[in-house]
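Asks: Protein sequence lines, in the order shown, are assigned to chains R and U.
Sequential numbering from 0 applies to the first sequence in numbering that gives the first Met the number 0.
Sequential numbering from 0 applies to the second sequence in numbering that gives the first Met the number 0.
A few of these clues could be false.
As the list claims (entries may be wrong) - Listed below are the simulated PhoX-like cross-link pairs for lysine-lysine, each with C-alpha atoms no more than 25 Å apart in a straight line: (1) R:79 x R:43; (2) R:26 x R:43; (3) U:320 x R:43; (4) R:26 x U:320.
Stated by the list, open to error - Part of the chain R face toward chain U, derived, beta carbon under 8 Å: (5) 14; (6) 15; (7) 19; (8) 31; (9) 35; (10) 38; (11) 39; (12) 48.
Claimed, not checked - In silico negatives: residues of chain U with every beta carbon more than 10 Å from chain R: (13) 28; (14) 34; (15) 57; (16) 60; (17) 65; (18) 95; (19) 133; (20) 153; (21) 209; (22) 248; (23) 292; (24) 297; (25) 321; (26) 326; (27) 383; (28) 388.
These are computed hints drawn from the structure, not numbers from a lab.
It should be emphasised that the depicted structure is a prediction, and the values quoted were computed from it without experimental measurement.
Think of the CB as a built atom: it goes at the ideal place given N, C-alpha and C, for glycine as much as any other residue.
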Amino acid sequence: MSTLETLQDILSDEFNLTRERVAPDAKLAALGVDSLDLLELMFKIEDRYRLAIRDDVPSDLTTVGDLVRFIDRLLAAQSKAPDSGGADRHAAP
Amino acid sequence: MPLREPRRVAVTGLGVVAPIGDSVEALCANLVAGRSGIRPLDIPLREALRSPIGASADFRGDAHFAVPRLRMLDRVSQMALVAAAQAVADANLNFGTENRDRCGVSVGSGMGGAETTDEGYHIIYAERSDRVKPYTVLTSMTNAAASWIGIDYGITGPNLTYSTACSSGAVAVGEAARRIQSGDVDVMLAGGAEAPLTFGVLRAWEAMRTIATPDAQDPSASCRPFARNRTGLVLGEGAAFVALEEWSHATARGARIHAQLTGYGLTTDAAHITRPTVEGQAAAMRAALRSAGLDHGAVDYVNAHGTATLQNDAVETAAIKEVFGARAYALPVSSTKSMHGHLLGAAGALEFVIAVASMERGIVPPTMHLELPDPACDLDYVPERARTGVRLNAVMSNSFAFGGTNAVLIAEARD
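So that you can see chain R by itself, here it is in the shape it has in the complex (with noise of 0.2 Å):
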């Protein structure tokens, strides 16, 4: 499943949106996704990807297509480092 695909699973049901409005170029803003609901959703694209987002959320992330990239990014990022963590480190100690 591509990253879009995934993105559009998770937007339309914690969004309450059809599929077809999470398409590349539509704000996140006019999906009703604010700042704080962007960083709750790292916590859902966490879980799907198995990833440790440690960085700050980039403020310039405005489109679902910006949002693509940057787990991209991440994704791509963990494929050359496999013992970051990942998201054991969310486990119970």
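Assemble chain U onto chain R, guided by the hints.
Replies: Only chain U this time, still in chain R's reference frame:
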């Protein structure tokens, strides 16, 4: 200044999300039937509680709000919004045509977004995770419910939250009436909301040894105000709201008026953080009578604070005797907490709604589970059975609190 002059306060809308009814109609039917909403709780970790009982409301947020909105609303705000919407609909108010600078919101809550707080602590301390939800501050803050109500209706006048523990709801209603009376505003949505049925909150109340021991035969009979075998209070959840309006504002738009809010008394014990005083409670009742310009003989029913703790019920009984004298014995006094439990910051608002709705319907709701009288509690508590077909002209609702803030409201029949 008497609330009656110069600007009178009309109660034009009522709304409730309560353990024994999600509408005023259902609530009254259950009160008359003496039906209790206290039951075994179905919450995580209940097996670790001594008293895993509570008066839960039959309320699901997802039946009222879509997913994106739900994320931003603690259960306490969900219930507040639904009860406020009922009051607005009942009053037939349209804020689109009101001068919204002259409208306000006044909410009482003791613990605010307790579920969010509990969940947040679980994430950071139990799961040792850093995934605290980004909305945690906004959903748990005590004024969240009031804020959302203001945003939903575009109400741009005062937006206030009062937190005086168990009298918060009564204070919110009384202070709202004062704002109308003073001329600052013409319309107030006022009420209380509380959602305390989470493990952390229940455990904290248990630790104070104030929670009732569950009745082994019938958990719904665990809260027994004024009874010799009372063992403490039972927590409940819910929200109750009233629409208050300046009298001529209400009549000019042809609003149906449920009652006139004429009395509000507010005193503080300034004695002990939990132990109530006869003097403080009596002074609040007297202050309410004074502000209504009423003699104590005019009051036909008192909805008592009646928590079913050993302390409160004896002290409140003594305070009522001090204010009403010999007439206290002929005055119906009931604690509806025997059925809906103690809604903490919402209690005063819910019980004021009950007092008004009872007056309108000519009913006196009972104190249930009062089979064994306590010699220290010897008033007419309307035990076990509601009275119907009664003419009530003025009703009093008592709310007393940890911290010592005593608030008493009086409503009178509209004619």
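Asks: For residue 326 (chain U), which was marked as not at the interface, is the minimum beta-carbon distance to chain R over 10 Å?
Replies: 57 Å, holds
Asks: Taking the closest pair, is the beta carbon of residue 292 (chain U) still more than 10 Å from chain R?
Replies: 50 Å, holds
Asks: Say whether it holds or is violated: residue 388 (chain U) keeps its Cβ farther than 10 Å from all Cβ of chain R.
Replies: 50 Å, holds
Asks: A cut-off of 10 Å on Cβ-Cβ distance, and residue 153 (chain U) was said to be off the interface with chain R. Does that hold?
Replies: 19 Å, holds
Asks: With chain U as the partner, please determine if residue 48 (chain R) meets the hint condition of a C-beta pair closer than 8 Å.
Replies: 15 Å, violated
Asks: A closest beta-carbon separation below 8 Å is what the hint needs, so does residue 38 (chain R) meet it against chain U?
Replies: Holds. Min distance 4 Å.
Asks: Answer holds if the nearest beta-carbon of chain U is closer than 8 Å to that of residue 35 (chain R); otherwise answer violated.
Replies: 4 Å, holds
Asks: Is it the case that residue 321 (chain U) keeps its Cβ farther than 10 Å from each residue Cβ in chain R?
Replies: Since the minimum Cβ distance to chain R is about 53 Å, residue 321 (chain U) lies beyond 10 Å and the statement holds.
Asks: Hint validation: residue 31 (chain R) versus chain U, beta carbon distance must be below 8 Å. Holds or violated?
Replies: 6 Å, holds
Asks: Verify that the Cβ of residue 95 (chain U) lies farther than 10 Å from every Cβ atom of chain R, and report whether the claim holds or is violated.
Replies: The assertion about residue 95 (chain U) holds, with a minimum of 23 Å to chain R.
Asks: Is the hint on residue 15 (chain R) kept, meaning its closest Cβ partner in chain U is under 8 Å away?
Replies: With a minimum Cβ separation of about 5 Å from chain U (threshold 8 Å), the hint on residue 15 (chain R) holds.
Asks: Is the claim that residue 60 (chain U) lies outside the interface with chain R correct, judged by CB distances over 10 Å?
Replies: 14 Å, holds
The structure fails to meet hints 3, 4, 7, 12, 17 and 19 from the earlier list, while all remaining hints are met.
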